[in-house]
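**Q** Protein sequence lines, in the order shown, are assigned to chains A, B and C. Just so you know, we're using the numbering used here here: the first sequence kicks off at 1 and counts up by one. Just so you know, we're using the numbering used here here: the second sequence kicks off at 171 and counts up by one. Just so you know, we're using the numbering used here here: the third sequence kicks off at 594 and counts up by one.
It cannot be assumed that every hint is accurate.
[Stated by the list, open to error] The list that follows gives simulated cross-link-like pairs (lysine-lysine, DSSO-like), each with its CA atoms no further than 30 Å apart: (1) B:Lys362 x C:Lys929; (2) B:Lys369 x C:Lys651; (3) B:Lys369 x C:Lys630; (4) B:Lys362 x B:Lys548; (5) B:Lys587 x B:Lys451; (6) B:Lys362 x C:Lys651; (7) B:Lys362 x B:Lys218; (8) C:Lys1065 x C:Lys845; (9) B:Lys548 x C:Lys651; (10) B:Lys548 x C:Lys721; (11) B:Lys355 x C:Lys630; (12) B:Lys587 x C:Lys722; (13) C:Lys721 x B:Lys587; (14) B:Lys548 x B:Lys451; (15) C:Lys722 x B:Lys548.
Since the hints were made in silico from the structure, they are not lab data.
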Amino acid sequence: MAQEENEPPVGLLAEEEIAAFIQHAGELEHPREMIIDLLRAIQNNRGWVPDAGVELTAAILGLTALEVEEVATFYDKIYRRPVGRYPIHICDSICCWSRGGEEIANHLLQKLGIEMGQTSSDGLFTLLPSCCLGGCGRAPGLMIGRQFHGQLTIERVDELIEQLRQEDCA
Amino acid sequence: MNREQLLFKNRRPGETVFLAGYRATGGYQSLQQALRDLTPEALRQRVKDSNLRGRGGAGFPTGVKWNFFPADQPGPKYLVCNCDEMEPGTYKDGELLLADPHQLVEGMILSAFALQTDIGYIFIRYAYAQQAENLRRAIVEATEAGFLGQNILGSGFNFELHLHSSAGRYILGEETALLNGLEGKRPNPRLKPPFPAVKGLFGRPTTVNNVETLANIQHIVSGGAEWFRALALTEEGSGTKLYGLSGHLNRTECFELPVGMPLRQLIEEFGAGVWRGRKFKACLPGGASTPYLTAEHLDVALDFDSLEAVGSRFGTAGVTVFDDRTCMVAATLNLIRFFARESCGWCTPCRDGLTMVRWLLETIETGQGTPEHLEMLKDQLQQISGNSFCALAEGAMGPVAGLLTHFEQEIIDHLEKGRCPFQ
Amino acid sequence: MPTLTIDNQQVTVAEGATVLEAAEQLGIIVPHFCYHKALGAVGACRMCAVTVVEGAQKGLQMSCLIPAEAGMRVTTGDPQSTSFRARVGEWLMLNHPHDCPVCDEGGECQLQEMTIASGHGIRRYAGKKRTYNNQQLGPFIVQEMNRCIQCYRCVRTYQDYCGGRDFGVLGSRDRVFFGRFQAGMLESDFSGNIVDACPTGVFTDKTYRFKSRYWDLQEAPSICPHCSLGCATIPGGRFRELQRVRSGINQKTNGYFICDRGRFGSGYVNHPERPRQLHSRGRELNLAEAVRWLDVQARELLEQQGPEAVLLLGSNRASLESNWLLQQWAIDLGCKVPLLSAHIPRHQAAQVAAFDFSDRLASLEQLRSSDLVVLFGADPLAEGPTLALALRQVVRAGGAVIVYDPRPLELPCEFDHQSLTPVQLHELLSAEKGPEIDRLCELLQRAAQPVLVGGGDLLGAGGLLKLKKLAKRVSNAERACLLLPLLGAANSFGAALLSPAEQDDLLTRLETGRVKMLVCLETDPLLEAPQGERFADALAKLDELVVFDYLPTPLSVHASLFLPTCAPLETVGTFVNNGGRMQRFAPVIEPGLPIAVTGDGDHPPREFLSATPGDEPRPAWQLLQWLMDDRRELSQLHGQMVAQLPRLDGLTELRPGDSGLRVRNADERSVIVEDLPEQPAGTLQLLVSPARYGSDLCSRFSAKLTPRFSPAILRLNPQDAAERELSAGDPVVLDCDLGSFKFCLQLSEQLAAGCALVENSGAFPHLVPGDRLSFCAVGAEVQL
Ligand SMILES: Cc1cc2nc3c(=O)[nH]c(=O)nc-3n(C[C@H](O)[C@H](O)[C@H](O)COP(=O)(O)O)c2cc1C
Ligand code: SF4
Ligand code: FES
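Given these sequences and hints, build the entire structure.
**A** Below you can see the structure in the form of structure tokens.
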């Protein structure tokens, strides 16, 4: 279902990781419960889950690619399309909204020159709208990778982006 | 007012307490005491007597729920901890696990003993990476200390605990959707009956409880049911509650306070008042799915029954406050956008009905609404409420109900002015 | 049996029935989408809301979910439920493209019907509609996702009921998508059922696209001719063209679903080379003259050369009526009793089914509710696909399926496979004692309703008789262990039932040279019987070869007199299925060249004729009646059949579309069974197995199924291959009594060692399934 560039299935999982997953699947009565773990492991290595990742997951768990895809496409934190090096989940739920989340989001869009769901031209950032991140007390907030940043201001966001750009150069 | 701290007693800013610190303040003593002195039935009875009500939102009495559970049935049975916590305005479980993960681990072992389940899962949301890390370490520590695993403290009781990290989506908080998610299936809610207590995870008896619910068990064991009930400020209430403050307040933090706190005191004393010197207009008292309270409710005690009496719900006690410059149509639209986006897509009232409601609110908010749209909105509220497959769409109607009950005039202003009066 | 009141009418329903079903019993149809009789209720669409006035749960309730209780009072037309259902109608239509005028479902769209029934008429939502990109799903099914209302019926049919694993639900919220991981042909052998299950125009029959509007279609209840299960179908056609087949409903057989072979295998009716005209080698005859000529000729031959000069051959494709009339004609002529099959081993197996099994035959309905089904030498997906679906329902309900078979089988459910060679299978079935038979007997004895399925082709008559012994052994006073044989064709049982206990062998008869005229009724032994080559030689000894048929078989080309007959879809008749169920089929279309052919796509046709082009085919039974100058109605004929053969009791009452009737039980009359032959050293047991598509002649002549045809395959167990120094992909030669055949070798671990398995449809016409056990050698092809 995903529209993706046809990338060769390299770097999905290391040989040892595959072996470990296969062994674990063999120990479980219901190996299917590992779907998310596998998809996430692939995503951690690869940044996202290409079709080959879905197929690899299926092969390890004795499922069909479709059966894995049915689950993978349900979750918004499994990326079935390529994302930038730093996917940014910006919270648009009520607490962040009430404390200026929309302005922060608009600022980011402008700064990165993209629309929601798109990746900046340098390939670094993908901006994704997200529901509540559990940082309601520190609103407005966003999550980069799995790191939450709260009490955002325009200045703080600029700093964050700058920091990541530099990290990328280094 | 007593400020007894049970769940947050080890909480220090920026710190996490692990095994040593946890034991230093009496951690795992309840477990030892229960395994030594209590039978599973006695423990279940004590929880029932404590009148602990579920902290996950629905407020169902935990002891009653446990009594449905076939604890004596042989074969695998499961205890599942619900740490999905994705309802906007709710972040208390996250705070608890940031501060003191062993609270949950001990609570789960005790609950598993009460229910005679030997396998437990903690289902944790994607965004709680640090919390998951804390739990992982706590599980290792507890296992090494002999609190988890085979023959716990020589009692003959076995319990293994697993952690499952999810990958997003609010619907996984719904307990049967959560079970499907754990099994690696599409997380649509399941048809009930059969209830999870009969046929839950992998088709076996299962109990699902919230983090905070489970963390309370050890305190009930050590302090007793009477003491626990007396902690609340209301007659019917029991225990303390984690209140997560958010929105237009000067201080938006999470506090452990007695059940039954008056809303005004919570806002003034703990939230340090409405921000920017503005006035209180409304709040969501217990997460995004609870109907608004307004200034007329400031003296209501925050508890299950008293909030139901005024047409709202205690929910998760995540209190989101709105100041007097907030457009309640816009706020409700934001909430509906959340629910519509998080719908699992199974049943029509939610999947398509919420789309319809979102469109109506958008039409009104952008000044294109007519009185007919207002009528349609009322009709949608009536038709969706109570008629969806699970409680998600039901919850989505909470704020719409609040909007129509308390702020209909604001909608009419939008219609008459042809624009949002707050812009 | 609770009694409740719905809309002021009282109704008593079965325990466990829902309010929806109770209302239906009263003739009140509560609109619904996600509920489907075969799939059950899931409560997703919320369309079936009613108001419970008195009952355990009061108020607006989903009628598909709440059980009917005694004393309950329900209304379906009150303002609360009608306004809610109207709202559900509106919600479901939010994103719908309103493309009814160009939609392929037009006229048979449940969405249309239910939307109107729900009371939703005028669109109020003016927001954006979500749209989808469609997927290519192969040659049989088209997808138009924008019409989807998310009732989940397709996926519940495809995955849950049929066990397909390559089609499902993707995405969530108001963007759920029903499709495959990637575009491509749906893999399931039951894929077409999603066309029937989908209430709107999302999944439609691609082979039927742009052919007819539903209201222009001629439909009639029919019986699938593609295997011996006798599933109910509803073929539809127009302008003499058979355009599609959909599933009929018969609880006793298929239930609600059919297989793709039955659904997409109807092309034989309109095969471009279908012989539609009489031909008679040099004689100028019209149909009436030809019939007269045939009768006169036959009588002359018999008179001059004795009763063996004319041999009549019936078949398992021909209807019960035609076969019976053939026997009547033989009496009339005074020739020997007709043979009702050219394939003796298959015929003997069918006779065991028709006589020895008759008191314990299971229906598919009984099989679906069994808790333990054991298959011996049966490959359901090839020999009776809907049986595979029934087995899946057994497993879904918690029952078990065990298969003893040499072949590497697939089933759409979990099963326990014991790989045994045919010889070992016979040994197991004859064993009094032994670990395997003891284990099996114990399981069978413990089961509440066990069923044994026997593949007639692989077990033969002898094996089936042993199976019956086993069934007796594990039966007890409370319940019998039932039997279900798989037979060669749609009317194998019927032909066997008419047949005397001993039947001559066609080839022996022909090879004596005493037969001067052979009359073949809807059969071609060149394709349908083993030893086609010998048969071809024997044909040379004949003076006259007369063929009645509707298929373009080689024999119909060679015939000295050919009489075109109607396909089962063009006439009325009766088939008896493998469970002994007599079922009537009705004519769907008239015989004749389809307009699409005569007009070369243009309309109207270029030539104006008073007669219909190509309308010469007549029902075989009618031609046979003419031969005897018999002008009686079929009903009278049926009466006479019952009078002669009380086992056919009920034949006169059968109606097309009803659930059919079981033939009466018969006394056992076990045929004499030859011992298994000795296996020569160094040989392999030869197994000829039908391919899933194209092994029965009707599907072989259905071009629509071409994408499903597979080349002939030879498989060996890797161990046997290694002994012969062969590996996968090697060009090999198989030598057997029937000749030498070349294959590209494939290996399979699951194939029992000691066997050579040929999966064949039409590629090697001489290798026909169901022949007696024989042996072969396999070796590398020697390059000259
Ligand atoms: C849409 C939806 C989301 C929910 N989310 C959560 C959640 O995040 N955490 C939680 O504990 N309960 C949640 N619940 C409630 C659970 O279904 C369940 O009632 C609860 O986990 C039971 O635990 P308790 O009795 O301890 O409260 C949710 C319910 C619904 C309908
Ligand atoms: S209300 Fe219906 S569509 Fe919404 S989340 Fe529940 S089951 Fe899914
Ligand atoms: S038919 Fe009852 S909810 Fe769909």
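**Q** Compare the structure with each hint and give your call.
**A** Hint check:
no., hint, in the structure
1, B:Lys362 x C:Lys929, "violated (68 Å)"
2, B:Lys369 x C:Lys651, "holds (26 Å)"
3, B:Lys369 x C:Lys630, "holds (24 Å)"
4, B:Lys362 x B:Lys548, "holds (29 Å)"
5, B:Lys587 x B:Lys451, "holds (21 Å)"
6, B:Lys362 x C:Lys651, "holds (17 Å)"
7, B:Lys362 x B:Lys218, "holds (24 Å)"
8, C:Lys1065 x C:Lys845, "holds (24 Å)"
9, B:Lys548 x C:Lys651, "holds (23 Å)"
10, B:Lys548 x C:Lys721, "holds (22 Å)"
11, B:Lys355 x C:Lys630, "holds (25 Å)"
12, B:Lys587 x C:Lys722, "holds (28 Å)"
13, C:Lys721 x B:Lys587, "holds (25 Å)"
14, B:Lys548 x B:Lys451, "holds (22 Å)"
15, C:Lys722 x B:Lys548, "holds (23 Å)"
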